[in-house]
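Participant: With chain A fixed as given, assemble chain B onto it according to the hints.
Residue numbers (the working numbering), protein chains in the order written: chain A, 1 to 256; chain B, 1001 to 1155.
Be aware that one or more of the hints could be misleading.
Beta-carbon label-pair distances, calculated as ranges [stated by the list, open to error]: (1) A:P117 with B:N1062: 29 to 37 Å; (2) A:D11 with B:L1131: 37 to 45 Å; (3) B:R1121 with A:S132: 18 to 26 Å; (4) A:S30 with B:Q1114: 30 to 38 Å; (5) B:D1041 with A:K119: 50 to 58 Å; (6) B:V1034 with A:E226: 57 to 65 Å; (7) A:R133 with B:Q1114: 29 to 37 Å; (8) B:V1034 with A:R33: 34 to 42 Å; (9) B:A1069 with A:R32: 44 to 52 Å; (10) B:N1062 with A:D155: 16 to 24 Å; (11) A:E147 with B:A1118: 36 to 44 Å.
Everything labelled a hint here was simulated from the structure, so no lab data went into it.
Note that CB positions come from ideal geometry on N, CA and C, so glycine has one too.
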Amino acid sequence: MADPETERALDVVVGEWRDAGVMYDGPIPSARRAHAIDVERLILRTTRLMTHMARLFNTTATWLHAYGDTVAEHRLRRLIAAELDPRLEPALGALLDTAQEKQHPREFGSVVASLRPAKEPHSLFAVVRANSRLTEFASARTGAIGERWRVYLMDEPLRPKILRPASWIMARHPDFVLRADFKGDLRASVMASLAFDEGAGESELALAAAAGGSRAQIRNALDNLEMTGRVRRHRSKAGTRIELLEFKPAEARSRR
Amino acid sequence: MTLIGGGAGMLSELLPEGRTAVDVDVMEVTPPEVFDLCCYDAPAIAEECGLNPTWFDPAPFNLRHMMLAGWRDRTVPIGEFGPLGVRAIARIDLISLKFSAGRERDLNDLETLQITAAESRLVIEQLPTVLEHGADPDVVERAIVLAKAWRCSGG
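Chain A extracted, bound-state conformation (with noise of 0.2 Å):
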């Protein structure tokens, strides 16, 4: 069993998938308010936390599968960058590429690319670590994803079941809807990081920097967002600030 800490820790990741629509037991997510979701940090602290519970692996991988179109995939990459210990890229990698195995195009291509395999393999679970017999059962029985990340890691076929269906998803969370109409293109980090982000809104730099793009490629989102009614721009001797006007969260929570 993991420490009380990482313990109250996964309590609020997987809160964070009920409510994003993995039906671990609990109440029932519609019976209070939606808070909005910061899916990019969401999928990091899976990923530092997952160790401690297998069952994350799958539950991610298949809510991915199922709704990556809603993941800011300019933002993941930045994140990734900044926020994730590199000795976790394994894992990140082998939970990606299980959530894109089969897709075509392969969803997570982009953010797979800029993350490397293990130096020595090992197993992604404490469980497993923690035991020299099971090291050799999840070893001897790992698939062609965990030979790709070099981590002991059985294949294990995605589990639809355990998701709320996309119209339940989408009534919930209707930011969600506008990202998964963007397909995760950079207007998708830009909206996320203003709405994440503390400072992203004070300067096109500082959104370039905190949506991972250009400010060249910021720019031209933001022309297209202004076009459609989703930020305003507020310019002034001092540069130019950036209000999100449409899915602002009610109260978005960002952890790092």
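Facilitator: Chain B only, in chain A's frame:
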């Protein structure tokens, strides 16, 4: 209706609440014609209940040959819902199936279950008998290897 898997473990309070992805893995419904009726009607109520159309999973029926002798007599009651009585497989049968499945999440569940030396010994002794019911010898052998490798909380 008899449930297996993580959902059964959670409902029978063997596995902790809050960390089990709820699916309904159904081993058996009696009489059999009601099983057919459940399979037919389950997708119809999915949308209304905010569930995936595949929420009701009858596939575990195919695992019945992996069950240890006497499993039906050991099931535990979960609740009565109108005419429907729901039961879950017993702890020893849950442990046996977890060893047979042997995925990382099953290892997590086995750790949570804090199985004793006597329980793992019983599984090791009893599992070969399922070969008489047509169980896959490779699966049985792998489950026994895993059970032997397991650190038993009872020493």
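Participant: Decide, hint by hint, whether the structure agrees.
Facilitator: Structure-based check of all given hints:
1. A:P117 with B:N1062: 29 to 37 Å: Once the Cβ atoms are compared, 36 Å apart, the range 29 to 37 Å for N1062 of chain B and P117 of chain A holds.
2. A:D11 with B:L1131: 37 to 45 Å: holds (42 Å)
3. B:R1121 with A:S132: 18 to 26 Å: Holds: the Cβ-Cβ distance is about 21 Å, inside 18 to 26 Å.
4. A:S30 with B:Q1114: 30 to 38 Å: holds (34 Å)
5. B:D1041 with A:K119: 50 to 58 Å: holds (53 Å)
6. B:V1034 with A:E226: 57 to 65 Å: Since V1034 of chain B and E226 of chain A have Cβ atoms about 59 Å apart, the given range 57 to 65 Å holds.
7. A:R133 with B:Q1114: 29 to 37 Å: For Q1114 of chain B against R133 of chain A, whose Cβ atoms are near 18 Å apart, the range 29 to 37 Å is violated.
8. B:V1034 with A:R33: 34 to 42 Å: holds (39 Å)
9. B:A1069 with A:R32: 44 to 52 Å: Holds, since A1069 of chain B and R32 of chain A (Cβ atoms, about 46 Å apart) stay within the stated range.
10. B:N1062 with A:D155: 16 to 24 Å: This hint holds: roughly 19 Å between Cβ atoms.
11. A:E147 with B:A1118: 36 to 44 Å: holds (38 Å)
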